[in-house]
Amino acid sequence: LVKKRNIPVETKILSKTQRKKLEKIIERRNKKKNRFTILEALAKVQAPEELLQKLTSVSGVQTKGLKRHHSEEKMSVNAIKGAYKKRMKLLQNSFTVEEQVKKCRDPNIVGFESSSDSDSSDGEEENDEDDEKESEVNVENSSTDKSSDIPKNIPNNVLRNKTCEEDNTEKCKDRTESEPGISAGLSTTAGQSTTAGQSTAAGLSTTAGLSTPAGQSTAAGLSTTAGQSTPVGQSTAAGLSTTADQGKVHEVERIPSVFVPVYRDKKIQEARLKLPILGEEQRVMEAIRENPIVLITGATGSGKTTQVPQFLYEAGYGSDGKLIAVTEPRRVAAISMSKRVAQEMNLPQSKVSYVIKFEGNVTPETQIKFMTDGVLVKEIKTDPLLKKYSVIILDEAHERSMYTDIMIGYLSRIVPYRNKNGDHPLKLIIMSATLRVDELIKNSNLFKEPPPVIQVETRQFEVVAHYNRQTAEDYVREAYRKACKIHTQLPEGGILIFLTGEREVNLLVKKLRDAFPWRPTKQSETVKHESENEEEELDDELADVIKKVKKNRKAQASVSIPTINLDDYHLTPDDDTQADLFDSESEEEWVEEEENGAHTTSQPMWVLPLYSVLPSSQQAKVFNPPPPGCRLCVVSTNIAETSLTIPNIKYVVDSGKVKIPRYDKRTGVSTFDIVWISKASAIQRMGRAGRTSAGHCYRLYSSAVYNDFVEWSEPSILQQPVDGLILYLMSLDLKKVTNFPFPTPPDQVQLETAERRLTLLGALTPVKKGVKGGLELTPLGQRMSHYPVAPRFAKMLCLSINNSLLEYTIALVAALSMQEPLLINDKKFIHKRRTCFVEPGNSLLLGDVMVLLSAVGGSEVANANGDQEKFCRNYGLRLKAVLECRKLRRQLTSKLNGEVPGLDVKLDPRMPRPSDLQAKQLRQILLAGMVDKVARKQENKESRAQGHNRPIYRTPEMEEGVYLSNNSVLYQSAPDWIVYQEIYQAGKTMYFRDVTAIEPEWLPKYAPALCNLSNPLTEPPPRYDSEAGAPFCHFSGTFGRSGWPLPVTEMEFPRGLERYKWFAVFFLDGSVCPKLKKYVKVLMSTPQTMVKSWAGLQPRTEVFLKTLVMREVDSKESLMKQWKENSKYLLDAYQNWLPVSAHNEVAILWPPL
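Per the numbering used here, the sequence shown starts with residue 1, numbered consecutively.
What the hints contain is simulated information worked out from the structure, not anything from laboratory work.
Bear in mind the structure is a predicted one, so any value in this text is a computation, not a measurement.
Be a bit skeptical, because a hint or two may be false.
Computed list of lysine-lysine pairs in BS3-like fashion (alpha-carbon distance at most 27 angstroms, straight line) [as the list claims (entries may be wrong)]:
{"hint": "1", "residue 1": "Lys937", "residue 2": "Lys988"}
{"hint": "2", "residue 1": "Lys351", "residue 2": "Lys274"}
{"hint": "3", "residue 1": "Lys1075", "residue 2": "Lys988"}
{"hint": "4", "residue 1": "Lys420", "residue 2": "Lys442"}
{"hint": "5", "residue 1": "Lys387", "residue 2": "Lys448"}
{"hint": "6", "residue 1": "Lys266", "residue 2": "Lys387"}
{"hint": "7", "residue 1": "Lys387", "residue 2": "Lys322"}
Beta-carbon label-pair distances, calculated as ranges [unchecked claim]:
{"hint": "8", "residue 1": "Arg1023", "residue 2": "Leu1097", "range": "24 to 32 angstroms"}
{"hint": "9", "residue 1": "Val767", "residue 2": "Leu1153", "range": "34 to 42 angstroms"}
{"hint": "10", "residue 1": "Arg662", "residue 2": "Lys378", "range": "25 to 33 angstroms"}
{"hint": "11", "residue 1": "Val1080", "residue 2": "Pro840", "range": "26 to 34 angstroms"}
{"hint": "12", "residue 1": "Val362", "residue 2": "Gln269", "range": "22 to 30 angstroms"}
{"hint": "13", "residue 1": "Val1080", "residue 2": "Val767", "range": "44 to 52 angstroms"}
The C-beta atom is built at its ideal place from N, Cα and C for all residues, glycine as well.
With the hints as extra help, turn the sequences into a complete structure.
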């Protein structure tokens, strides 16, 4: 035998793959071991076999078909077709609660409801049609008995669509079929969910898988089967039976929901269903129901602006006397959106209304109210809690206008307060397409708890963005070329072009109209492209500009034509953007093409301008269809960037530029700069092409330039003066403006500058007691906050109430509040016509303001004669500014008459010219309102060296010189001291706008805070003014930081001990009371003793002075008040100055009035 060797066993190391296989085998074995435990646990909760035999499976019903199943149960009902028949049967045989409990079924059973069309066979569809016809006959036969068959226990707010009358039966049947879920009693099929705001009627059974969203309630008698879930906020009716495992019935408190039916046109309803926001309706309404504040963001064209107010209306937020408020940053958006929503909902304008500045159509029946954000801010003054609103929607919040920021901050405090203390809670919805959500939800100063954000992801239609390879400097010319190419080479569709300002818009409109003229035919003579007056105005304004452009182009060198190899197929441009690189047109050819009308054989183009200062009637033209055979082309500023849906826009041409106001926070100088837009604005502009169909956006800049854009535009609150904002907030008893919850607070420089200006105007004053450096509102400031104008203009109104100038001041304030009512025009004949408005004297010194005042009066007369447009054209006035000026005059006149007792100011359309004295007083009132806008003429050495004497002015806050415009009526006279409304910059030169001449002697009286005055001068000595009843004296001093010397000025003696002394002097010498003059000769000391340095040595002077100081008597007015209280006041002190023999005589005539 051979012995076996003990060979050691080596352990084989598994590879990574083998190890994984073994782990899976072990895992499967473990699962098999646990399978028995799982089956045993399932057996415990499985329904008994006896119960399962009584149920009908879904698969069995699908095998047999619904028709056969219903026929076996002897209950032929179709939920979609014949719904009315089913409802009437259920209502006639209304079951009790006990019967409903018995008839409860498992969620796996299909009851009375029909399945969807996909579940039924082709053969069953034919039977459904027969059933539909049969149900229509039944509806007609039973229409007369409808009202009597409806149970009384159905709430009115649930069954809002009452039974139709006999003559409207067919119409009601159509609505029931087209809008399932509106009629009470309509059943919901398996797997369906009822949208927010809908309710199910009495006797309706809800089947398997049905869930009722938050905010819904089910009516009395509704049975909810096992397996259903009731989300947060859902309430079931009293007596609701719920089949659970033990079959118990639970009763809960009934909170009825409201569903307001809306009968829309079928075409509009079909268009609505295509909007992305419709798919989010339930989620939106659940969030609004459960949260006081909701943020909704979504791509442009998703339907937020038009559909969310409709959701809220259907859910009953506009019922019971409450309003749904929707704010828009622009007037044209508020008007157009209100009309669109009213059209979609098939409601009159009396229920869906709008309010903008000076205009509106709100009625007591209004339920949805569109308005500009400034209108809602003004309503806070009269209704601080905004009690008449149930929901407030802040739309287009991404624009970050000043009023929108105020409303976000204000409502962040009002909403929790009303929800906590009021019976009527308030909801706030903030909507935008491109909103910086993080900035709001993470701002703990605004919201203690971050509000929910609902994102609507999908854009309605796809928009393709095209970039230029190179960014052209002349974007206006590039926009013209791009529009011509689109019109001549691409399919039908409207064109929307974004430029920066009115002049560029008018220039491009003129070019495109010349290139593609539209000539009305006999059939379309009633359609007008533009009025003849407007054409003449454009011709006059742009003729010179076009000539200069053509001369410059002809002077430039022609562009060489690139060599193109036709065999290279890669050179074929993929789209119109790449074709720009291979454009062989030279500058000269382009000019010749424009001059010769090379595009006149193409389809005509219906070109319309759109900008903010355009009259509303002209703005509304962009929403009307163009004449037959024309392509619509809208040339707009950024006013068309948000909210507006211009019909049939398929192509957007984006210049990438915007004109924004630049406000110097320290000097107050406003300039308009053309800068690149933000990425958010570029997305908004691109979205204009995707509102009604798929489109294209042609960006006149390269993708590299786009990548350098800032993400968001700067909020407007950082770009504007905040004087009015501070005055408004302090009038709401806000002691410290920095405590207000701004989404983006203004910086400290802005606040300090604004507070300083308000202090100069007399609206604010330092707090006597309290926080150091604090300010409080003065009585004048409280009155100023009542008027819807800038603080400086409000002060002018307050100063004019006590004299006969109020009618003229109202007209001036209205004209100065408008944006550039006088057009800047280089035509000499217009300048001569304007100078005819002024006359020598104070009328001429009133300056450009006198021209404005005369223009307002002249336009009223021309309006009465029907020649207003012609008058504005002849005198270079902006028509829209004139129209709004008239509306503001009416508003201010009505407000002043309502607030000032006994005031009766009339709006005279034929206002007479002010007299010379009135013109002088108007100059003083203008100075009182513009104390921080004073300028002084300086010697211009540079102009003299160049051979002409061009006046230059300096302001206290600026080092640069400012010039008078040659359009000013004071250009020739060039007064030494002026006040101005604003400074604007044109190129590198700054000019004044609306200049008025003043006298430097007025500055210590109307701008004392800016004057550094000396002590009262002894020569000439003080005097007593009998009209003012107070002592007056003379001063010398300087004005402003620059220390401009002021002439010696006489004004009222300043408050202090010296004033009491001089008043005593004038009392003793008989100037205050003439009856005492006869005793001057017998006085024991001369009256001048009161002001001597040694006067304290005489007891009589001390007694007399103390008697005045103790009662604060330093004027005749205060003396008369003391004599009314005590007729013997000052008698003893005066008798000390007289011999004893005269005491009795003086006592008899006292007081010496």
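Worksheet entry | Hints violated by the structure (numbers, ascending) | 3, 6 and 11
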